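Asker: Going line by line, the protein sequences match chains G and H. Residue 207 in my numbering sits at position 207 of the first sequence, and the numbers go up by one each step. Residue 311 in my numbering sits at position 311 of the second sequence, and the numbers go up by one each step.
Keep in mind that a hint or two might mislead.
Stated by the list, open to error - Taking CB as the label site, the calculated pair distances span:
| hint | chain 1 | residue 1 | chain 2 | residue 2 | range |
| --- | --- | --- | --- | --- | --- |
| 1 | H | 209 | G | 228 | 22 to 32 Å |
| 2 | H | 101 | G | 124 | 18 to 28 Å |
| 3 | G | 124 | H | 247 | 57 to 67 Å |
As the list claims (entries may be wrong) - Over the 12 Å line for every Cβ pair with chain G, so calculated as not near, a few chain H residues:
| hint | residue |
| --- | --- |
| 4 | 15 |
| 5 | 90 |
| 6 | 249 |
| 7 | 261 |
What the hints assert, rightly or not - Mimicking DSBU-like on lysine-lysine, the simulated pairs with C-alpha atoms at most 30 Å apart in a straight line are:
| hint | chain 1 | residue 1 | chain 2 | residue 2 |
| --- | --- | --- | --- | --- |
| 8 | G | 14 | H | 214 |
| 9 | H | 48 | G | 27 |
| 10 | G | 27 | H | 299 |
| 11 | G | 233 | H | 48 |
To be clear, the hints were calculated from the coordinates, so they are not data collected in a lab. Predicted model, so just to flag it, every value in this text is computed and none were measured. A virtual CB, placed ideally from N, CA and C, is assigned to each residue, including glycine.
Here are the chains, one letter per residue:
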Amino acid sequence: MLSPSSGNTVIKSKLIGRRMFLLTAAKAIVTFGIIGRLVSLQINERSKYKTLSDKNRFREWKLAPERGVIRDFFDKEIASNQQVYQVHLIPENSKDIEKLFVRLKTILNITEKKLFYLRRVIAKQKPWEPIIVSDNITWSEFSRLNLFLHELEGVKPIVSVARTYPDNSSAHILGYVSQVSAKDLQTKKYLKDLHVPGMSIGKTGLERKLDEEIIGKIGFQRYEVNAYGKRIKQILINEGQAGKSFKTTLDFEVQKFTSELLKDKAAAVCVMDVYNGDIVSLVSSPTFEPNEFVHGLDKTYWNSLIKNEMKPLTNKTISGLYPPGSTIKTLVALSALENGVIKPLDTFKCEGKIELYGEKFHCWEKDGHGIVNLRKGIQRSCDVYFYEVARKLGVDRLSETAKKFGLGKKVLNGFIEERAGVVPNTKWKKKFIGQNWYLGETLHSGIGQGYFQSTPLQLCLMTAQIANGGFEIKPRIIFDKKNNNLREYIKYKNENPNDPLPTDLLVSNFELKPLFKNQEHINLIKDAMFSSSNEPGGTSYRHRWENKKFTFAGKTGSSQIKRFTEAQREAEVKQESLPYKDRDHALFVAYAPYSDPKYAISVLVEHGGSGGKAAAPIAKKVIKKVLERHELRERIDSLLGEQV
Amino acid sequence: MFRARSIQSSLSIKDKIISIDYILVISIFILGLTSILAMYSTDGGELKYHTKSHILRFFVFFGMFLTLSFIQIRFWHSQSYLIYILFFILLLGVKYFGLTSSGSKRWLDLYFMNLQPSELMKIGLILFLAKYYHRTSIENLNRVRYLFLPVVVLIAPIILVATQPDLGTALLIAAGGLTVAWLAGVRVKFFAFSGLAFLALLPIAISFLKPYQKSRILTFLNPERDPLGAGYQIIQSKIAIGSGGLFGKGFLQGSQSYLDYLPEKHTDFIFTLFSEEFGFFGSLFILLLYAIIVWRIIKIGNVTRSNFGKLFCYGFGTAFFIYVVVNMMMVLGLLPIVGSPLPIMSYGGSSMMAIMLGLGIVMSCKVYKDTPVN
Numbered sequence: 001m002l003s004p005s006s007g008n009t010v011i012k013s014k015l016i017g018r019r020m021f022l023l024t025a026a027k028a029i030v031t032f033g034i035i036g037r038l039v040s041l042q043i044n045e046r047s048k049y050k051t052l053s054d055k056n057r058f059r060e061w062k063l064a065p066e067r068g069v070i071r072d073f074f075d076k077e078i079a080s081n082q083q084v085y086q087v088h089l090i091p092e093n094s095k096d097i098e099k100l101f102v103r104l105k106t107i108l109n110i111t112e113k114k115l116f117y118l119r120r121v122i123a124k125q126k127p128w129e130p131i132i133v134s135d136n137i138t139w140s141e142f143s144r145l146n147l148f149l150h151e152l153e154g155v156k157p158i159v160s161v162a163r164t165y166p167d168n169s170s171a172h173i174l175g176y177v178s179q180v181s182a183k184d185l186q187t188k189k190y191l192k193d194l195h196v197p198g199m200s201i202g203k204t205g206l207e208r209k210l211d212e213e214i215i216g217k218i219g220f221q222r223y224e225v226n227a228y229g230k231r232i233k234q235i236l237i238n239e240g241q242a243g244k245s246f247k248t249t250l251d252f253e254v255q256k257f258t259s260e261l262l263k264d265k266a267a268a269v270c271v272m273d274v275y276n277g278d279i280v281s282l283v284s285s286p287t288f289e290p291n292e293f294v295h296g297l298d299k300t301y302w303n304s305l306i307k308n309e310m311k312p313l314t315n316k317t318i319s320g321l322y323p324p325g326s327t328i329k330t331l332v333a334l335s336a337l338e339n340g341v342i343k344p345l346d347t348f349k350c351e352g353k354i355e356l357y358g359e360k361f362h363c364w365e366k367d368g369h370g371i372v373n374l375r376k377g378i379q380r381s382c383d384v385y386f387y388e389v390a391r392k393l394g395v396d397r398l399s400e401t402a403k404k405f406g407l408g409k410k411v412l413n414g415f416i417e418e419r420a421g422v423v424p425n426t427k428w429k430k431k432f433i434g435q436n437w438y439l440g441e442t443l444h445s446g447i448g449q450g451y452f453q454s455t456p457l458q459l460c461l462m463t464a465q466i467a468n469g470g471f472e473i474k475p476r477i478i479f480d481k482k483n484n485n486l487r488e489y490i491k492y493k494n495e496n497p498n499d500p501l502p503t504d505l506l507v508s509n510f511e512l513k514p515l516f517k518n519q520e521h522i523n524l525i526k527d528a529m530f531s532s533s534n535e536p537g538g539t540s541y542r543h544r545w546e547n548k549k550f551t552f553a554g555k556t557g558s559s560q561i562k563r564f565t566e567a568q569r570e571a572e573v574k575q576e577s578l579p580y581k582d583r584d585h586a587l588f589v590a591y592a593p594y595s596d597p598k599y600a601i602s603v604l605v606e607h608g609g610s611g612g613k614a615a616a617p618i619a620k621k622v623i624k625k626v627l628e629r630h631e632l633r634e635r636i637d638s639l640l641g642e643q644v
Numbered sequence: 001m002f003r004a005r006s007i008q009s010s011l012s013i014k015d016k017i018i019s020i021d022y023i024l025v026i027s028i029f030i031l032g033l034t035s036i037l038a039m040y041s042t043d044g045g046e047l048k049y050h051t052k053s054h055i056l057r058f059f060v061f062f063g064m065f066l067t068l069s070f071i072q073i074r075f076w077h078s079q080s081y082l083i084y085i086l087f088f089i090l091l092l093g094v095k096y097f098g099l100t101s102s103g104s105k106r107w108l109d110l111y112f113m114n115l116q117p118s119e120l121m122k123i124g125l126i127l128f129l130a131k132y133y134h135r136t137s138i139e140n141l142n143r144v145r146y147l148f149l150p151v152v153v154l155i156a157p158i159i160l161v162a163t164q165p166d167l168g169t170a171l172l173i174a175a176g177g178l179t180v181a182w183l184a185g186v187r188v189k190f191f192a193f194s195g196l197a198f199l200a201l202l203p204i205a206i207s208f209l210k211p212y213q214k215s216r217i218l219t220f221l222n223p224e225r226d227p228l229g230a231g232y233q234i235i236q237s238k239i240a241i242g243s244g245g246l247f248g249k250g251f252l253q254g255s256q257s258y259l260d261y262l263p264e265k266h267t268d269f270i271f272t273l274f275s276e277e278f279g280f281f282g283s284l285f286i287l288l289l290y291a292i293i294v295w296r297i298i299k300i301g302n303v304t305r306s307n308f309g310k311l312f313c314y315g316f317g318t319a320f321f322i323y324v325v326v327n328m329m330m331v332l333g334l335l336p337i338v339g340s341p342l343p344i345m346s347y348g349g350s351s352m353m354a355i356m357l358g359l360g361i362v363m364s365c366k367v368y369k370d371t372p373v374n
């Protein structure tokens, strides 16, 4: 019954079956290929894809931490934070940025230039990262913005905090904060994980020195977002941590008082506790307005600061370098005594000038001081006497003493703007100028001229270390409960005037570092300084305090800018008649009260003329102010002591 | 032979119901339920439009599948050409009256549903060629004269679909047709020649490609080329599947899909969603269901007597396998994104209808396995 056609059908079936078998084998291979791929994606690489999936899901917004506060010794905030109103914009939430800008311009006061800048920032960053349209708007602008908020998609009104300074008396030492620059990000490592757009960092002064600790830790909000960037739910919020607050040794009242005194002058004042080195006041004048820097500086204001020849941006107390002038004479005398070059009662005759090495060296007193010993030399600031002393001493021994007392090196920690100054000697000149030392230069150094360069703070430290009996102290501006034993030593010494122990032993018992070989020499200098301020003929006699409470012992100085010509000397040209830029810098250093030294002060008035006339009157007033506040300071100090 | 024929023609209703392949039916039903679960997840865990309409379609077409199972195999054989012509007319209709959506014209508006005739053509072509090769004797099979008609019926719908443009479906239609022709015994050399001709014409074909199609192919070769544009889909799909891990993120917990990172999650990327939520084992489960379905279809092809039945079952079974594999390889980043749905799982009425139609014919091959077709 099998027809040829049905035979044909069977052959065909077999052919079909054979080919189907091949296909089935191919299918098995493909299926295993797919399973292999699933194994590779879902088992071998699952953690990689898990991370990628989380990267999709989560978005983080960083929150800028609140900057720590800086306080003065009496816990008054001298750099604090205030509430500010800001406008932020999240570009991806806005449908049409340009339209939004046009609308914003009608509500806020935004310049075309600012918009240009904003467009550039938007192009650079991720669309969900907020940009700051305006970081400090007024309350009325802020409320108007809130009123129109429904038509401003993507705009977020933010209440934030920003740095504020109660006044500008301490602008230099506090420094200022400003927006992070590209260079800051490169050079400051601590900013790497810390940077939040719109965050301010310290640029100068304490704000810069303390920046790393005072900034705080950034917080963040983590949200789950969908593919269109819409926040679905909040996953995590970390508030971050406000920066550490700092207490300083400064007295804000003194700062204000001093700043007012120095107004309109290019000047600097430093006041220091002679026992523990606490800096009570550090004022540089003219000052600037630090609040102007916080929210982007106004161009015209910046230009006015840059062009001002009194250099308001320079902190003259630590960055200003001036020849110490006659204020160095205390150290010259001390060095000579210590090295046994002179005896206190050795005398020279001053005839107004001497001729040495083929050069004329003048005394400031044209007619001369007559017979001069050490005490009179310092009291009258006789140049000829110190030419003689310096000649005998030599510059190298002088430089050793000067360096010991803190000249020629940075005395504060961590202020990038601080300068070291110069204490010259023969080696120094060979190394930096490449010439041999001339003997004549020793004489100039003896009266603090020539290569000598020092900051007002260094001169203050020098004076403080003489005032405390010749012991090393470290100037400090951040409050620290830890004190050295200098005060206890002084107390012990006063209570036991006939102590059987030799001085060295006593000093090492109190773990002090003496800067003298014989303390009598220090006392001689202190006595000479007293006569300079309090005995007729003394260079600052006219500005003394009769009241024992305020009596100070000081030393005047004027550092020459331009040498007098013979003609000017003959004509007895007065400083006041010279052009401003050619006048001498006026200097004055002192400690007070004389009977029980507590504070040292240094005053500099740029182009002020003579120290006795321009600087001493300022010192007189500041000394009174500081001593009046001394008891208050003591009380706070002892209160803090009990807390320990 | 005669006796067998008489037995077959007098099958009682009970016999017919008993002879249904229950493993196949149950597998399809489980797959359908799984697809409803997945669709529910794409709707974000709510009974919304997609889920509702998917449920409706699944049950309507599942019913249709069961009903079609009882239609005589002879009917399918005798009406094959007519069915093909009907589907072809519908395709032509798309060209003139079709609905355009996102740049391509694929649908006919039938008021109660939007029909995509290209999906139906996948079945129509297999049906046509199964009958044609059933009738062509083995001697004539490889004569050039007898190759003429198959080439025409293959090329014509492919051109229509490819110009919609819908390259993916066109290729899948071709795959089904070519499989039947090869199974029937057409020599490999003809495939080789046409393959060479295709390669030679490829540069011309590429010049006809739309820019988005070109970019899809380039993107497949390097997905990171354009991570926010064309490569986005592949990257996000891989992230979703990979992050599912062994056990998945849990039902309704697929963050990639419910946060909308996953594109086309209802249709082409439904496997990705399932794989993200149920992990490696979930993926294996789906793969297993498809393997069982393909295995049962091929098995029916083995037991059915007629070469028409064999060719249809083998052809459809292989095509079904190709649809599954192409979709999975696509979402796994092994093939370019061509736009092909995953049978039964994906949202889409026409695809569901075509698959259920094919399965119905397969089941009819089972029920009437001993019935000769002519």
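Asker: Hint by hint, note whether the structure agrees.
Answerer: For each hint, the structure was consulted:
no.: 1; hint: H/209 <-> G/228: 22 to 32 Å; result: holds, 30 Å
no.: 2; hint: H/101 <-> G/124: 18 to 28 Å; result: violated, 38 Å
no.: 3; hint: G/124 <-> H/247: 57 to 67 Å; result: violated, 42 Å
no.: 4; hint: 15; result: holds, 24 Å
no.: 5; hint: 90; result: holds, 29 Å
no.: 6; hint: 249; result: violated, 9 Å
no.: 7; hint: 261; result: violated, 5 Å
no.: 8; hint: G/14 <-> H/214; result: violated, 43 Å
no.: 9; hint: H/48 <-> G/27; result: violated, 37 Å
no.: 10; hint: G/27 <-> H/299; result: holds, 15 Å
no.: 11; hint: G/233 <-> H/48; result: holds, 22 Å
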